[in-house]
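Trainee: Numbering (the working numbering), first residue to last: 29 to 551.
Derived from the structure by calculation, the hints contain no laboratory data. All of these numbers come straight from a predicted model, not from anything done at the bench. Heads up, some of the hints might be wrong.
Distance condition first, Cα-Cα at most 25 Å in a straight line; then the derived BS3-like pairs of lysine-lysine [unchecked claim]: (1) K470 / K501; (2) K551 / K460; (3) K470 / K532; (4) K87 / K42; (5) K376 / K551; (6) K68 / K42; (7) K525 / K490; (8) K470 / K525; (9) K42 / K114; (10) K508 / K460; (11) K343 / K460; (12) K87 / K253; (13) K189 / K152; (14) K258 / K87; (15) K427 / K506; (16) K42 / K152; (17) K64 / K258; (18) K508 / K494; (19) K470 / K508; (20) K258 / K345; (21) K427 / K376; (22) K87 / K114; (23) K506 / K460; (24) K195 / K257; (25) K532 / K343.
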Amino acid sequence: MIFSLEKDSGINSKSITICGTGRESLELFFYCYQLKAEVKQFISEEFFGIQIFSRDVIKLQQWEDNRTEQDLLLGSMESQEEELLKKRGHTVYTLQEISNMHSCSEHEYIVDHAKYRETMEQLKTADASARFVMDTLKYRKKLVLLNGELLRKESVFQFIKQVLDGKHFTCIGDDTELAVMRELFEYFGIEAVYHLKEKEAVGRIEYSPDTEILFYSDIDEELGKELEKKGYAIKVNIKIFLFYAMIEIYERDILLDMDLGYNFSFSGSRYIGFKEYGDFENASLKIVALGNSTTDGRDIEPDESWPYYLYQMLKNKIAGVSVLNAGAPSFNISDELLKFIRDVSPLKPDLVISYTGWINIAQRNEYPFTNTWRRILNNLLYVKENENLMFKNINQEEKYSGMQNSMSRYQYFLMHAKQLQAAAAALGIGYKCFVQPNIYTKNELAFSENARLIYYDSIHQKENSKEFFAELKEDIHKYKWLYDYSGIFDDARNVYKDTHHVYKEGNEIIAGRIFEDIQDLLK
(Lines of atoms letter the chains of each structure in order from A and count residues from 1; the text may use other names and numbers.)
(Lines give C-alpha, C1' and ligand atoms only; values in the text may rest on other atoms or scores of the structure.)
Protein backbone atom coordinates (compact mmCIF):
# COMPACT_ATOMS: atom_id res chain seq x y z
CA MET A 1 0.00 0.00 0.00
CA ILE A 2 1.19 3.52 -0.75
CA PHE A 3 0.11 6.87 0.59
CA SER A 4 -1.78 9.64 -1.18
CA LEU A 5 0.73 12.03 0.39
CA GLU A 6 4.43 11.43 -0.10
CA LYS A 7 7.48 13.15 1.31
CA ASP A 8 8.95 15.79 -0.95
CA SER A 9 12.30 14.39 -2.12
CA GLY A 10 13.78 17.86 -1.60
CA ILE A 11 13.75 17.41 2.19
CA ASN A 12 15.58 14.09 2.25
CA SER A 13 18.71 15.76 3.61
CA LYS A 14 16.80 17.89 6.12
CA SER A 15 16.32 17.23 9.84
CA ILE A 16 12.86 18.26 11.07
CA THR A 17 12.21 20.19 14.27
CA ILE A 18 8.53 20.45 15.31
CA CYS A 19 7.27 23.62 16.99
CA GLY A 20 5.31 22.94 20.17
CA THR A 21 4.35 19.87 22.20
CA GLY A 22 0.55 19.95 22.05
CA ARG A 23 -1.75 17.37 20.45
CA GLU A 24 -1.31 18.86 16.98
CA SER A 25 2.48 18.70 17.34
CA LEU A 26 2.26 15.05 18.34
CA GLU A 27 -0.03 14.39 15.38
CA LEU A 28 2.58 16.02 13.14
CA PHE A 29 5.18 13.64 14.56
CA PHE A 30 3.11 10.63 13.56
CA TYR A 31 2.26 12.09 10.15
CA CYS A 32 5.98 12.58 9.54
CA TYR A 33 6.47 9.00 10.74
CA GLN A 34 3.96 7.87 8.12
CA LEU A 35 5.76 9.89 5.45
CA LYS A 36 9.13 8.48 6.58
CA ALA A 37 10.31 12.02 7.33
CA GLU A 38 12.61 11.89 10.37
CA VAL A 39 11.85 14.23 13.27
CA LYS A 40 14.97 15.29 15.16
CA GLN A 41 13.46 17.22 18.10
CA PHE A 42 10.69 19.48 19.44
CA ILE A 43 10.81 23.13 20.51
CA SER A 44 8.92 24.17 23.64
CA GLU A 45 9.41 27.02 26.09
CA GLU A 46 7.32 25.15 28.68
CA PHE A 47 8.40 21.49 28.48
CA PHE A 48 12.07 21.85 27.54
CA GLY A 49 14.47 19.35 29.10
CA ILE A 50 12.20 16.35 28.63
CA GLN A 51 11.88 13.82 25.82
CA ILE A 52 8.93 12.96 23.57
CA PHE A 53 9.15 9.61 21.77
CA SER A 54 12.92 9.65 22.41
CA ARG A 55 13.26 13.09 20.82
CA ASP A 56 14.66 15.95 22.91
CA VAL A 57 12.53 18.99 23.72
CA ILE A 58 14.67 22.11 23.57
CA LYS A 59 14.15 25.84 24.00
CA LEU A 60 13.90 28.17 21.04
CA GLN A 61 17.21 29.81 21.96
CA GLN A 62 18.96 26.42 22.02
CA TRP A 63 17.70 25.71 18.53
CA GLU A 64 18.87 29.11 17.27
CA ASP A 65 22.31 28.67 18.83
CA ASN A 66 22.86 25.23 17.26
CA ARG A 67 20.89 25.29 14.02
CA THR A 68 22.41 24.42 10.67
CA GLU A 69 21.23 24.94 7.10
CA GLN A 70 19.88 21.40 7.16
CA ASP A 71 17.39 22.19 9.94
CA LEU A 72 13.77 22.51 8.86
CA LEU A 73 11.03 23.87 11.15
CA LEU A 74 7.59 22.30 10.95
CA GLY A 75 4.70 24.31 12.40
CA SER A 76 1.93 22.87 14.55
CA MET A 77 -0.56 25.59 13.68
CA GLU A 78 -1.22 27.74 16.76
CA SER A 79 1.85 26.94 18.86
CA GLN A 80 3.38 29.93 20.67
CA GLU A 81 6.82 28.73 19.59
CA GLU A 82 5.82 29.01 15.95
CA GLU A 83 4.75 32.62 16.40
CA LEU A 84 8.03 33.47 18.17
CA LEU A 85 10.07 31.84 15.41
CA LYS A 86 8.23 33.77 12.71
CA LYS A 87 8.73 37.04 14.60
CA ARG A 88 12.46 36.29 14.69
CA GLY A 89 12.52 35.87 10.92
CA HIS A 90 12.63 32.06 10.70
CA THR A 91 10.67 30.17 8.04
CA VAL A 92 8.17 27.70 9.49
CA TYR A 93 6.86 25.10 7.05
CA THR A 94 3.48 23.38 6.97
CA LEU A 95 2.91 19.69 6.37
CA GLN A 96 1.65 20.51 2.88
CA GLU A 97 4.96 22.18 2.01
CA ILE A 98 7.06 19.12 2.81
CA SER A 99 4.79 16.63 1.05
CA ASN A 100 3.40 15.98 -2.42
CA MET A 101 0.03 14.55 -3.42
CA HIS A 102 0.50 11.20 -5.13
CA SER A 103 -0.66 11.23 -8.74
CA CYS A 104 -2.36 7.91 -9.49
CA SER A 105 -1.10 6.06 -12.53
CA GLU A 106 -2.65 3.08 -14.31
CA HIS A 107 -3.74 0.27 -11.97
CA GLU A 108 -3.55 2.58 -8.92
CA TYR A 109 -6.73 3.33 -6.98
CA ILE A 110 -7.67 5.64 -4.11
CA VAL A 111 -9.11 3.39 -1.39
CA ASP A 112 -12.03 4.65 0.69
CA HIS A 113 -11.00 4.95 4.35
CA ALA A 114 -14.21 3.51 5.80
CA LYS A 115 -14.48 0.34 3.70
CA TYR A 116 -10.94 -0.05 2.49
CA ARG A 117 -10.68 -3.83 3.05
CA GLU A 118 -13.90 -4.52 1.15
CA THR A 119 -12.90 -2.10 -1.63
CA MET A 120 -9.46 -3.67 -1.96
CA GLU A 121 -10.98 -7.14 -2.40
CA GLN A 122 -13.33 -5.86 -5.10
CA LEU A 123 -10.52 -4.07 -6.94
CA LYS A 124 -8.26 -7.10 -6.74
CA THR A 125 -10.99 -9.18 -8.36
CA ALA A 126 -11.46 -6.63 -11.14
CA ASP A 127 -7.76 -5.83 -11.64
CA ALA A 128 -5.10 -8.30 -10.58
CA SER A 129 -2.45 -5.57 -10.97
CA ALA A 130 -4.24 -3.14 -8.66
CA ARG A 131 -2.18 -1.00 -6.27
CA PHE A 132 -3.89 0.87 -3.46
CA VAL A 133 -3.43 4.49 -2.44
CA MET A 134 -4.55 5.25 1.12
CA ASP A 135 -5.10 8.79 2.40
CA THR A 136 -4.51 8.10 6.08
CA LEU A 137 -3.06 11.41 7.21
CA LYS A 138 -6.43 13.03 7.69
CA TYR A 139 -7.56 10.37 10.19
CA ARG A 140 -5.56 10.98 13.35
CA LYS A 141 -6.79 7.83 15.11
CA LYS A 142 -5.09 5.68 12.49
CA LEU A 143 -1.38 5.14 12.13
CA VAL A 144 0.34 3.43 9.23
CA LEU A 145 3.53 1.74 10.33
CA LEU A 146 6.58 1.64 8.11
CA ASN A 147 5.72 -1.77 6.68
CA GLY A 148 2.58 -0.25 5.14
CA GLU A 149 0.12 -2.14 7.33
CA LEU A 150 -2.94 -0.10 8.26
CA LEU A 151 -3.54 -0.15 12.00
CA ARG A 152 -5.80 1.80 14.32
CA LYS A 153 -5.07 3.92 17.38
CA GLU A 154 -3.67 0.96 19.32
CA SER A 155 -0.54 1.21 17.20
CA VAL A 156 0.17 4.56 18.88
CA PHE A 157 0.26 2.66 22.18
CA GLN A 158 2.61 0.14 20.65
CA PHE A 159 4.91 2.92 19.51
CA ILE A 160 4.89 4.38 23.04
CA LYS A 161 5.63 0.92 24.43
CA GLN A 162 8.66 0.66 22.16
CA VAL A 163 9.91 4.00 23.51
CA LEU A 164 9.36 3.06 27.18
CA ASP A 165 10.18 -0.64 27.09
CA GLY A 166 13.37 -1.76 28.77
CA LYS A 167 13.75 1.46 30.76
CA HIS A 168 13.48 1.98 34.52
CA PHE A 169 11.32 4.79 35.88
CA THR A 170 10.69 6.56 39.14
CA CYS A 171 7.16 8.00 38.98
CA ILE A 172 6.21 11.19 40.80
CA GLY A 173 2.77 12.75 41.27
CA ASP A 174 -0.33 12.85 43.42
CA ASP A 175 -2.57 9.83 44.03
CA THR A 176 -4.77 10.37 40.98
CA GLU A 177 -1.85 10.98 38.63
CA LEU A 178 0.01 7.93 39.90
CA ALA A 179 -3.09 5.81 39.37
CA VAL A 180 -3.12 6.83 35.71
CA MET A 181 0.59 6.04 35.37
CA ARG A 182 0.17 2.66 37.07
CA GLU A 183 -2.66 1.78 34.69
CA LEU A 184 -0.54 2.74 31.67
CA PHE A 185 2.47 0.76 32.91
CA GLU A 186 0.33 -2.28 33.67
CA TYR A 187 -1.03 -2.06 30.14
CA PHE A 188 2.51 -2.04 28.78
CA GLY A 189 3.83 -4.60 31.26
CA ILE A 190 6.55 -2.21 32.47
CA GLU A 191 7.70 -1.98 36.10
CA ALA A 192 8.32 1.30 37.90
CA VAL A 193 9.13 2.59 41.38
CA TYR A 194 6.51 5.00 42.77
CA HIS A 195 6.63 7.97 45.14
CA LEU A 196 3.18 9.08 46.26
CA LYS A 197 3.77 12.81 46.67
CA GLU A 198 6.19 15.25 45.12
CA LYS A 199 7.08 16.73 48.53
CA GLU A 200 7.68 13.23 49.91
CA ALA A 201 10.05 12.52 47.03
CA VAL A 202 12.39 15.37 47.99
CA GLY A 203 15.56 13.88 49.46
CA ARG A 204 14.47 10.29 48.76
CA ILE A 205 15.53 9.79 45.14
CA GLU A 206 19.04 8.49 44.58
CA TYR A 207 20.70 8.88 41.22
CA SER A 208 20.80 5.84 38.96
CA PRO A 209 22.14 6.04 35.39
CA ASP A 210 19.58 3.54 34.06
CA THR A 211 16.54 5.23 35.69
CA GLU A 212 14.44 8.10 34.33
CA ILE A 213 12.07 10.39 36.21
CA LEU A 214 8.45 10.17 35.11
CA PHE A 215 5.86 12.75 36.16
CA TYR A 216 2.32 13.50 35.02
CA SER A 217 2.01 17.15 34.03
CA ASP A 218 4.28 19.38 36.11
CA ILE A 219 6.93 18.92 38.75
CA ASP A 220 7.63 20.75 41.99
CA GLU A 221 10.35 23.40 41.50
CA GLU A 222 12.33 22.36 44.59
CA LEU A 223 12.24 18.72 43.51
CA GLY A 224 13.18 19.66 39.95
CA LYS A 225 16.31 21.45 41.17
CA GLU A 226 17.25 18.48 43.36
CA LEU A 227 16.87 16.07 40.44
CA GLU A 228 19.07 18.22 38.23
CA LYS A 229 21.76 18.38 40.93
CA LYS A 230 21.70 14.59 41.14
CA GLY A 231 22.21 14.29 37.39
CA TYR A 232 18.71 13.75 36.03
CA ALA A 233 18.88 16.07 33.03
CA ILE A 234 15.96 14.41 31.22
CA LYS A 235 12.55 14.12 32.86
CA VAL A 236 9.65 12.50 31.03
CA ASN A 237 6.21 14.14 31.06
CA ILE A 238 3.71 11.28 30.77
CA LYS A 239 0.77 13.60 30.03
CA ILE A 240 2.23 14.25 26.60
CA PHE A 241 1.99 10.54 25.81
CA LEU A 242 -1.54 10.33 27.16
CA PHE A 243 -2.60 13.58 25.50
CA TYR A 244 -2.02 12.11 22.06
CA ALA A 245 -3.21 8.61 22.91
CA MET A 246 -6.40 10.15 24.29
CA ILE A 247 -6.31 8.54 27.72
CA GLU A 248 -7.11 11.30 30.17
CA ILE A 249 -8.55 11.81 33.63
CA TYR A 250 -12.23 12.52 33.00
CA GLU A 251 -14.86 13.37 35.58
CA ARG A 252 -17.23 10.68 34.34
CA ASP A 253 -17.61 6.94 33.87
CA ILE A 254 -18.74 5.34 30.62
CA LEU A 255 -21.69 2.99 31.09
CA LEU A 256 -23.15 0.28 28.86
CA ASP A 257 -26.61 1.34 27.69
CA MET A 258 -28.88 -1.27 26.11
CA ASP A 259 -30.87 1.33 24.13
CA LEU A 260 -28.36 4.04 23.28
CA GLY A 261 -25.22 1.90 23.14
CA TYR A 262 -23.39 3.80 25.87
CA ASN A 263 -23.98 6.54 28.42
CA PHE A 264 -22.15 8.61 31.04
CA SER A 265 -22.16 9.04 34.78
CA PHE A 266 -20.91 12.51 35.73
CA SER A 267 -19.52 13.35 39.13
CA GLY A 268 -21.64 16.06 40.73
CA SER A 269 -24.73 15.32 38.61
CA ARG A 270 -27.83 13.53 39.90
CA TYR A 271 -28.85 12.26 36.48
CA ILE A 272 -27.18 9.50 34.46
CA GLY A 273 -26.40 10.76 30.95
CA PHE A 274 -26.58 14.47 31.86
CA LYS A 275 -23.99 16.97 33.01
CA GLU A 276 -25.81 19.31 35.38
CA TYR A 277 -25.32 23.07 35.55
CA GLY A 278 -27.23 24.61 38.43
CA ASP A 279 -29.84 22.88 40.60
CA PHE A 280 -32.11 21.25 38.02
CA GLU A 281 -34.49 19.65 40.50
CA ASN A 282 -35.41 22.98 42.11
CA ALA A 283 -34.89 25.27 39.11
CA SER A 284 -37.54 27.75 37.98
CA LEU A 285 -36.37 27.38 34.36
CA LYS A 286 -35.21 23.94 33.23
CA ILE A 287 -33.38 23.47 29.91
CA VAL A 288 -31.95 20.31 28.32
CA ALA A 289 -29.33 20.47 25.56
CA LEU A 290 -29.23 17.56 23.10
CA GLY A 291 -26.59 16.90 20.46
CA ASN A 292 -23.41 15.03 19.58
CA SER A 293 -19.79 15.56 20.66
CA THR A 294 -19.99 19.24 19.67
CA THR A 295 -22.53 19.64 22.50
CA ASP A 296 -20.89 17.19 24.88
CA GLY A 297 -17.47 18.85 24.99
CA ARG A 298 -16.02 15.62 26.38
CA ASP A 299 -12.33 16.55 26.11
CA ILE A 300 -12.61 20.08 27.44
CA GLU A 301 -11.16 20.91 30.86
CA PRO A 302 -12.12 23.37 32.19
CA ASP A 303 -15.62 23.07 30.75
CA GLU A 304 -15.86 25.17 27.61
CA SER A 305 -18.91 23.55 26.01
CA TRP A 306 -21.64 25.76 24.57
CA PRO A 307 -24.27 24.50 27.10
CA TYR A 308 -21.95 25.69 29.88
CA TYR A 309 -21.63 29.16 28.32
CA LEU A 310 -25.38 29.29 27.69
CA TYR A 311 -25.98 28.51 31.36
CA GLN A 312 -23.62 31.34 32.39
CA MET A 313 -25.49 33.79 30.13
CA LEU A 314 -28.91 32.67 31.38
CA LYS A 315 -28.14 32.74 35.11
CA ASN A 316 -27.06 36.37 34.79
CA LYS A 317 -30.54 37.18 33.50
CA ILE A 318 -32.87 34.64 35.12
CA ALA A 319 -32.82 33.49 38.74
CA GLY A 320 -33.02 29.76 39.36
CA VAL A 321 -32.09 28.54 35.87
CA SER A 322 -30.51 25.13 35.26
CA VAL A 323 -29.17 23.45 32.12
CA LEU A 324 -28.56 19.74 31.59
CA ASN A 325 -25.98 18.85 28.95
CA ALA A 326 -27.18 15.61 27.33
CA GLY A 327 -24.80 15.65 24.35
CA ALA A 328 -22.96 12.44 23.49
CA PRO A 329 -20.32 11.65 20.84
CA SER A 330 -21.68 10.20 17.56
CA PHE A 331 -25.35 10.76 18.45
CA ASN A 332 -27.50 11.61 15.45
CA ILE A 333 -31.01 13.07 15.51
CA SER A 334 -32.48 9.56 15.88
CA ASP A 335 -30.48 9.02 19.08
CA GLU A 336 -31.66 12.38 20.38
CA LEU A 337 -35.27 11.37 19.73
CA LEU A 338 -34.76 8.11 21.62
CA LYS A 339 -33.02 9.87 24.49
CA PHE A 340 -35.82 12.44 24.67
CA ILE A 341 -38.53 9.77 24.85
CA ARG A 342 -36.72 7.64 27.43
CA ASP A 343 -34.71 10.07 29.59
CA VAL A 344 -35.61 13.71 28.93
CA SER A 345 -39.42 13.65 29.01
CA PRO A 346 -39.62 12.26 32.59
CA LEU A 347 -37.54 15.26 33.75
CA LYS A 348 -40.24 17.65 32.44
CA PRO A 349 -37.94 20.47 31.25
CA ASP A 350 -39.34 23.78 30.05
CA LEU A 351 -37.20 23.78 26.91
CA VAL A 352 -35.22 21.25 24.89
CA ILE A 353 -32.50 22.55 22.59
CA SER A 354 -31.06 20.35 19.87
CA TYR A 355 -27.75 21.43 18.32
CA THR A 356 -27.34 18.78 15.70
CA GLY A 357 -26.97 17.67 12.09
CA TRP A 358 -23.32 16.81 11.53
CA ILE A 359 -23.58 13.09 12.32
CA ASN A 360 -26.51 12.75 9.90
CA ILE A 361 -24.39 14.48 7.25
CA ALA A 362 -21.25 12.46 7.90
CA GLN A 363 -22.56 8.98 8.72
CA ARG A 364 -22.27 6.10 6.27
CA ASN A 365 -24.64 3.68 8.00
CA GLU A 366 -27.18 1.90 5.82
CA TYR A 367 -29.59 2.18 8.73
CA PRO A 368 -29.20 5.67 10.23
CA PHE A 369 -31.23 4.78 13.31
CA THR A 370 -28.42 2.46 14.44
CA ASN A 371 -25.42 4.46 15.58
CA THR A 372 -21.85 3.20 15.74
CA TRP A 373 -22.04 2.28 19.41
CA ARG A 374 -25.25 0.28 19.11
CA ARG A 375 -23.71 -1.64 16.22
CA ILE A 376 -20.77 -2.56 18.45
CA LEU A 377 -23.15 -3.58 21.23
CA ASN A 378 -25.25 -5.57 18.79
CA ASN A 379 -22.19 -7.53 17.69
CA LEU A 380 -21.43 -8.43 21.29
CA LEU A 381 -24.88 -9.78 22.03
CA TYR A 382 -25.88 -13.40 21.62
CA VAL A 383 -28.71 -15.57 22.90
CA LYS A 384 -28.03 -18.98 24.38
CA GLU A 385 -30.31 -21.68 23.05
CA ASN A 386 -32.64 -23.03 25.69
CA GLU A 387 -35.91 -24.84 26.01
CA ASN A 388 -37.95 -21.69 25.34
CA LEU A 389 -39.32 -22.04 21.81
CA MET A 390 -39.10 -18.30 21.27
CA PHE A 391 -35.29 -18.31 21.53
CA LYS A 392 -34.43 -21.82 20.43
CA ASN A 393 -33.96 -21.11 16.73
CA ILE A 394 -32.68 -17.53 16.73
CA ASN A 395 -30.27 -16.88 13.86
CA GLN A 396 -27.14 -15.56 15.56
CA GLU A 397 -25.56 -14.41 12.30
CA GLU A 398 -28.38 -12.34 10.81
CA LYS A 399 -29.18 -9.28 12.91
CA TYR A 400 -31.87 -6.76 12.02
CA SER A 401 -31.07 -3.06 12.24
CA GLY A 402 -34.31 -1.54 10.95
CA MET A 403 -36.02 -0.80 7.69
CA GLN A 404 -33.97 0.73 4.90
CA ASN A 405 -35.28 3.90 3.30
CA SER A 406 -34.65 5.92 0.17
CA MET A 407 -34.77 9.34 1.86
CA SER A 408 -31.97 11.85 1.50
CA ARG A 409 -29.90 12.58 4.58
CA TYR A 410 -31.80 15.82 5.12
CA GLN A 411 -35.23 14.20 4.69
CA TYR A 412 -34.37 11.50 7.21
CA PHE A 413 -32.99 14.12 9.61
CA LEU A 414 -36.09 16.29 9.25
CA MET A 415 -38.44 13.34 9.81
CA HIS A 416 -36.93 12.65 13.23
CA ALA A 417 -36.61 16.34 14.10
CA LYS A 418 -40.36 16.69 13.41
CA GLN A 419 -41.10 13.69 15.62
CA LEU A 420 -38.96 15.18 18.40
CA GLN A 421 -40.73 18.53 18.11
CA ALA A 422 -44.16 16.86 18.09
CA ALA A 423 -43.32 14.72 21.13
CA ALA A 424 -42.12 17.79 23.03
CA ALA A 425 -45.22 19.81 22.06
CA ALA A 426 -47.52 17.00 23.19
CA LEU A 427 -45.96 17.25 26.66
CA GLY A 428 -45.98 21.05 26.76
CA ILE A 429 -42.21 21.27 26.38
CA GLY A 430 -40.65 23.95 24.20
CA TYR A 431 -38.34 22.72 21.43
CA LYS A 432 -35.84 24.39 19.13
CA CYS A 433 -33.53 22.67 16.66
CA PHE A 434 -30.35 24.43 15.55
CA VAL A 435 -28.71 22.79 12.53
CA GLN A 436 -25.01 23.06 13.26
CA PRO A 437 -22.36 24.42 10.91
CA ASN A 438 -19.25 22.61 9.74
CA ILE A 439 -15.99 23.64 8.14
CA TYR A 440 -17.52 23.29 4.65
CA THR A 441 -20.26 25.86 5.37
CA LYS A 442 -17.91 28.68 6.41
CA ASN A 443 -17.57 31.28 3.65
CA GLU A 444 -13.86 31.88 4.23
CA LEU A 445 -11.46 29.70 6.19
CA ALA A 446 -8.58 31.00 8.27
CA PHE A 447 -5.09 29.80 7.33
CA SER A 448 -5.04 27.31 10.20
CA GLU A 449 -8.47 25.95 9.26
CA ASN A 450 -7.32 25.40 5.69
CA ALA A 451 -4.25 23.64 7.03
CA ARG A 452 -6.43 21.26 9.03
CA LEU A 453 -8.17 20.06 5.91
CA ILE A 454 -5.05 18.13 4.95
CA TYR A 455 -5.91 15.81 7.86
CA TYR A 456 -9.69 15.89 7.86
CA ASP A 457 -10.90 16.75 4.35
CA SER A 458 -13.46 14.35 2.91
CA ILE A 459 -15.06 14.73 -0.49
CA HIS A 460 -17.99 12.60 0.73
CA GLN A 461 -18.70 14.81 3.74
CA LYS A 462 -18.22 17.96 1.69
CA GLU A 463 -20.77 16.86 -0.92
CA ASN A 464 -23.15 15.53 1.75
CA SER A 465 -23.00 18.88 3.56
CA LYS A 466 -23.66 20.81 0.35
CA GLU A 467 -26.73 18.70 -0.51
CA PHE A 468 -28.02 18.71 3.08
CA PHE A 469 -27.96 22.49 3.49
CA ALA A 470 -29.31 23.10 -0.01
CA GLU A 471 -32.43 21.11 0.94
CA LEU A 472 -32.61 22.77 4.36
CA LYS A 473 -32.52 26.28 2.91
CA GLU A 474 -35.36 25.47 0.49
CA ASP A 475 -37.95 24.60 3.14
CA ILE A 476 -36.70 25.98 6.47
CA HIS A 477 -39.30 28.75 6.24
CA LYS A 478 -41.98 26.11 6.99
CA TYR A 479 -40.75 25.47 10.54
CA LYS A 480 -40.56 28.12 13.25
CA TRP A 481 -38.59 25.81 15.52
CA LEU A 482 -35.86 24.98 12.96
CA TYR A 483 -32.79 27.23 12.57
CA ASP A 484 -30.00 27.21 9.98
CA TYR A 485 -26.68 27.90 11.76
CA SER A 486 -24.50 27.11 8.77
CA GLY A 487 -23.09 30.65 8.59
CA ILE A 488 -22.67 31.60 12.25
CA PHE A 489 -18.86 31.46 12.02
CA ASP A 490 -18.56 33.44 8.79
CA ASP A 491 -17.24 36.49 10.64
CA ALA A 492 -15.06 34.50 13.04
CA ARG A 493 -11.36 34.17 12.26
CA ASN A 494 -10.29 30.72 13.46
CA VAL A 495 -12.78 28.46 15.22
CA TYR A 496 -12.50 24.93 13.78
CA LYS A 497 -10.34 22.21 15.35
CA ASP A 498 -11.38 19.79 12.60
CA THR A 499 -14.40 19.48 10.32
CA HIS A 500 -16.98 20.23 13.05
CA HIS A 501 -15.45 20.61 16.54
CA VAL A 502 -14.62 24.17 17.55
CA TYR A 503 -12.47 26.01 20.06
CA LYS A 504 -13.73 27.89 23.12
CA GLU A 505 -14.43 31.02 21.04
CA GLY A 506 -16.66 29.00 18.71
CA ASN A 507 -18.68 27.59 21.60
CA GLU A 508 -19.14 31.09 23.00
CA ILE A 509 -20.51 32.21 19.62
CA ILE A 510 -22.90 29.22 19.52
CA ALA A 511 -24.13 29.94 23.06
CA GLY A 512 -24.62 33.63 22.25
CA ARG A 513 -26.69 32.91 19.15
CA ILE A 514 -28.83 30.31 20.92
CA PHE A 515 -29.31 32.74 23.82
CA GLU A 516 -30.72 35.30 21.35
CA ASP A 517 -32.89 32.76 19.51
CA ILE A 518 -34.61 31.36 22.62
CA GLN A 519 -35.67 34.75 24.00
CA ASP A 520 -39.27 34.19 22.85
CA LEU A 521 -39.51 31.17 25.15
CA LEU A 522 -37.94 32.91 28.14
CA LYS A 523 -40.59 35.62 28.54
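Trainee: Given the hinted pair K532 and K343, is their alpha-carbon gap at most 25 Å?
Mentor: Since the Cα atoms of K532 and K343 sit roughly 19 Å apart, the hinted pair holds (cutoff 25 Å).
Trainee: Are K470 and K532 close enough, with their CA atoms no more than 25 Å apart?
Mentor: 17 Å, holds
Trainee: When you check the alpha-carbon spacing of K376 and K551, does it fall within 25 Å?
Mentor: 18 Å, holds
Trainee: Need the status of pair K470, K525: alpha-carbon distance at most 25 Å?
Mentor: Answer holds: K470 to K525 is near 13 Å, not above 25 Å.
Trainee: Regarding the pair K87 and K42, is the alpha-carbon distance no greater than 25 Å?
Mentor: 20 Å, holds
Trainee: Is the Cα-Cα distance between K427 and K506 25 Å or less?
Mentor: Cα-Cα ~38 Å, so violated.
Trainee: Quick one, are K87 and K253 close enough, alpha carbons at most 25 Å?
Mentor: Given pair K87, K253 holds - Cα atoms ~18 Å apart, limit 25 Å.
Trainee: Taking only the CA atoms, is the gap from K508 to K494 under or equal to 25 Å?
Mentor: Satisfied, since the Cα-Cα distance of roughly 22 Å is no more than 25 Å.
Trainee: Would you mind confirming whether the straight-line C-alpha gap from K87 to K114 stays at or under 25 Å?
Mentor: 15 Å, holds
Trainee: Given the hint that K42 pairs with K152, test it: the Cα-Cα distance must not exceed 25 Å.
Mentor: 38 Å, violated
Trainee: Are the Cα atoms of K195 and K257 separated by 25 Å or less?
Mentor: Measuring from Cα to Cα gives roughly 21 Å; hence the hint holds.
Trainee: Between K508 and K460, does the CA-CA distance stay at or below 25 Å?
Mentor: Roughly 8 Å between the alpha carbons, so the hint for K508 and K460 holds.
Hints 13, 15, 16, 17, 20 and 21 from the list above are not met by this structure, while the remaining hints are.
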